[in-house]
Each structure stands twice: as structure tokens, then as C-alpha cells.
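Chemist: What follows is the residue order along each chain.
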Amino acid sequence: MAQMAKVKFVWRIVGLVVAGVFIYAGVVKAFDPIRFASDIDNYKILPWAMSVRLAFYLPWLEIFCGIALIARRLYVGGLSLLTALVLIFLVATIAAKVRGLDITCGCFGHASQNWSFSGHLALDLVILAALLALYFKVTSENRLQNAV
Amino acid sequence: MRQALVLAALALLPGIGQAIYFRDKVSWQSPIPASEMVTVAQARAWDGNAIWVDARPDAEFERDHVPDAVPLNEDRWNELLPQFLATWSPEKRVVVYCSSQSCNASREVARRLREEAQLKNVFVLQGGWEEWLKWRK
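Top to bottom, those sequences are chains A and B.
Just so we're aligned: 39 in my numbering is position 39 of the first sequence, and the numbers increase by one with no gaps anywhere.
Just so we're aligned: 25 in my numbering is position 25 of the second sequence, and the numbers increase by one with no gaps anywhere.
It is worth saying that the hints were derived from the structure and are not from the lab.
Quick caveat: nothing in here was measured; it's all calculated off a predicted structure.
The reader is advised that the hints may include incorrect statements.
Quick look at which bits of chain A chain B covers, simulated, 3 or more residues with Cβ under 8 Å [to be verified]:
{"id": "1", "region": "17-25"}
{"id": "2", "region": "45-57"}
{"id": "3", "region": "117-131"}
Straight-line C-alpha distance at most 27 Å; calculated DSS-like pairs for lysine-lysine [to be verified]:
{"id": "4", "chain 1": "A", "residue 1": "Lys-44", "chain 2": "B", "residue 2": "Lys-134"}
{"id": "5", "chain 1": "B", "residue 1": "Lys-92", "chain 2": "B", "residue 2": "Lys-120"}
{"id": "6", "chain 1": "A", "residue 1": "Lys-97", "chain 2": "B", "residue 2": "Lys-134"}
{"id": "7", "chain 1": "A", "residue 1": "Lys-97", "chain 2": "A", "residue 2": "Lys-44"}
{"id": "8", "chain 1": "B", "residue 1": "Lys-25", "chain 2": "B", "residue 2": "Lys-134"}
{"id": "9", "chain 1": "B", "residue 1": "Lys-25", "chain 2": "A", "residue 2": "Lys-44"}
{"id": "10", "chain 1": "A", "residue 1": "Lys-137", "chain 2": "A", "residue 2": "Lys-6"}
Quick reminder that beta carbons are idealized off the backbone N, C-alpha and C, glycines included.
I would like the entire structure built from these sequences, with the hints used as guidance.
Modeler: Laid out in C-alpha cells, this is it:
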């Protein structure tokens, strides 16, 4: 029983850390949406008009998903959206690298502007792994509950 | 799926609110208005009437830079800005460049020079350092 409580506690901490990362990233970008629009534009995937609109929306999506993870309300929805965001970002980052673009990821606003490509990639993969682990854990729990 | 849609819809509300707040502060159709961009040919034509500002990291500036360019990057903004201002005069145009067309630093430095240092006649070099190198050959 104590072992189970410990495991549950560890999962809760993982969820809180992931939520904290996204809330922080969202808040930093929400404070400077124009800069974030430039960062999105740098990937040369979307037209500026779309980049600037996304710059006003994505930070809030990250913040709300992070809050959902902490509050454990709309939890699976939050995990799904964040996983999708990280996957899209990973593909965009790799594509930019392949095309030789000199990009600033903008993930954490000004704080991340000097991170190396491998640094970005490593952090994203760790976050993606944590999100997937949380997602599979909660969906398997839900399946078990439904079976009972 | 329903949960994701609810979250996506919730995030729209502050996003729209913020976009309305910023509606006059952001250029919605182009990252830099054409009037704030300058080509290498135009900037070279200004000759002694322009100050070149290198927004790249220090290491890249030290490796090579436009003759007489002044380093001004965001890493050492507070330290370098006074040095830049010492060379600036109101009649001179400021041409900011970074490494290439896709880099962001020149836009940011130009924006901060306009907003924080209240300078006018600040331009971003199209194509950046890469474009300059083509002209130098």
C-alpha cells in the first residue's frame, strides 16, 4: 500500500513538473507575443499573418493545458494537446535545422534564445516522454476502472 | 477529444483579448514594414551617413563584420548600448544586421532601438550578413 502511494506521488510530481514547465513557457511568451510571432515566423513554415495570430493563442493554450494538468480537470485533453504541440514543435525544429535555418525556438521566450539545437531537442524529447508516460498511465487507469 | 476542444476554446478567450489589446502595436500582415527594411545596395549608397549595427553574438562579430560596424546584441544589451549611442547622431541612419534572412536578432535589436532608445531611422538589412558577403565578393 505504501509502495503504491509512493508511486502515485512520483507520478503526481512528474505531472506537476510538466505542468509547471508549460505554464512558465506560456507566461513568458504571453508577456511578449510580438517576439514570439517573430520566433514562429523564423521557422519559415507559416505566413506572418498566421504566425502573429498563433503567437496570441499558443501561449494561452499552454497555460490552460498546464492548469488542467495541475487541477486534474480536462486532464486527458490537456495531455493530448500538449503532446500534439510538442510533436509539432519537434518536427518544425528538425525541419528548420535540415533547411539550415538560423532559428530561435522561442519556447521559453528570451531565456531560451541561446540554447543549442541539441539542447532544445533533448529537452523536448524529455518532455514528450513524460507527457506520453502520463497519457498512457491515465488511459490505462481509466480502462481498468471502466472494466471494473 | 471533447476535453481538448474545451481547452482549445478556453484558450481562445484570453488570446483574442490580448490580440485586441495589441491590435495597434503589431504589424498583422508583414513582420517588418517595407519602410523599415533596407537592401545592401541602398545601405551602401548611404555611405558615411549610416551606422552599421551587428546584432550577432560576440564570437561572430569578432570573426568578421561589416567595416566600422558597432556590436550590439541582446546578450550584452545594457553594456553595448551606451557604446553604440556614443557613435550615434540624429542625422545618421542605423542599419542593423544579423547572420541571414531567417535570423531574428536584427529585428529585435531594431525594435528595441526604436522602442527603448527612441531612435528613428532604424532599418533592418535584408538578407543580413550573408547578403553582405555576396556583395563584398
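Chemist: What hints, given by number in increasing order, does this structure fail?
Modeler: Those not satisfied are hints 1, 3, 8.
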